[in-house]
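These protein sequence lines are chains U and Z, in that order.
So the first sequence is residues 1 to 112, counted in this note's numbering.
So the second sequence is residues 113 to 226, counted in this note's numbering.
All the given hints hold, so there is nothing to weed out.
Heads up, incomplete: computed chain Z residues facing chain U, CB under 8 Å, no partners named: (1) S143; (2) G154; (3) L155; (4) L157; (5) Y160; (6) N162; (7) F203; (8) G214; (9) Y215; (10) T216; (11) F217; (12) G218; (13) S219; (14) G220.
Simulated crosslink set (BS3-like; lysine-lysine; CA at most 25 Å straight-line): (15) Z:K136 / Z:K190; (16) Z:K190 / U:K42; (17) U:K1 / U:K68; (18) Z:K136 / U:K42.
I should point out that these hints are in silico values taken from the structure, not numbers from a laboratory.
All residues carry an ideal CB built from backbone N, CA and C; glycine is no exception.
The primary structure of each chain is shown beneath.
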Amino acid sequence: KQEVTQIPAALSVPEGENLVLNCSFTDSAIYNLQWFRQDPGKGLTSLLLIQSSQREQTSGRLNASLDKSSGRSTLYIAASQPGDSATYLCAVRGAGSYQLTFGKGTKLSVIP
Amino acid sequence: DAGVIQSPRHEVTEMGQEVTLRCKPISGHNSLFWYRQTMMRGLELLIYFNNNVPIDDSGMPEDRFSAKMPNASFSTLKIQPSEPRDSAVYFCASSAGTDLYGYTFGSGTRLTVV
Chain U
1 KQEVTQIPAA LSVPEGENLV LNCSFTDSAI YNLQWFRQDP GKGLTSLLLI QSSQREQTSG
61 RLNASLDKSS GRSTLYIAAS QPGDSATYLC AVRGAGSYQL TFGKGTKLSV IP
Chain Z
113 DAGVIQSPRH EVTEMGQEVT LRCKPISGHN SLFWYRQTMM RGLELLIYFN NNVPIDDSGM
173 PEDRFSAKMP NASFSTLKIQ PSEPRDSAVY FCASSAGTDL YGYTFGSGTR LTVV
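Looking at chain U on its own, in the form it has when it is part of the complex:
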């Protein structure tokens, strides 16, 4: 059974700092990995989707990497802003499966 772990559970940084959020998964047989953002009381907003054949994806100040063999992904946020404060969730879709398995998330606070 796929398990997804996100470390740290919470992170507080000053505005302007670059930061990295970590995601690890136990079964490397994946189809893709998706990073989501969730604001308090809101739904999930997709940030980046990395297919299993890809190494990274970029969108603006966000860069996500994938090392399938080691079961790891990172989400890099450059020049953090208070508006980046949210919970970031990593989700893995297993090969041959439609199911997304989620980590518990990292709650990010960017302090002005």
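Once you have looked at the hints, place chain Z on chain U.
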């Protein structure tokens, strides 16, 4: 594109009552998922449909939970009778068959059973 639409946004009900949550997926998406989010367990898949057919309902916690997808543009998740431990946020998500774009989630229904 209005995205995945869920209703109601909030639902407060008394224990024992029937609760029905609704979802309209993105037009053209052929896969639909119901997830439940709690503080303790995070996001858990309850059931998923492909082309309106339930494919995997192993995540449905009890017989009190049932889900239907009568057509490609509508799905319901019903809890009867509801219990306080059902209190959670319920999300609906949809995806296209090619899966090049991942999953799109609705805004969720926050259910409180008192």
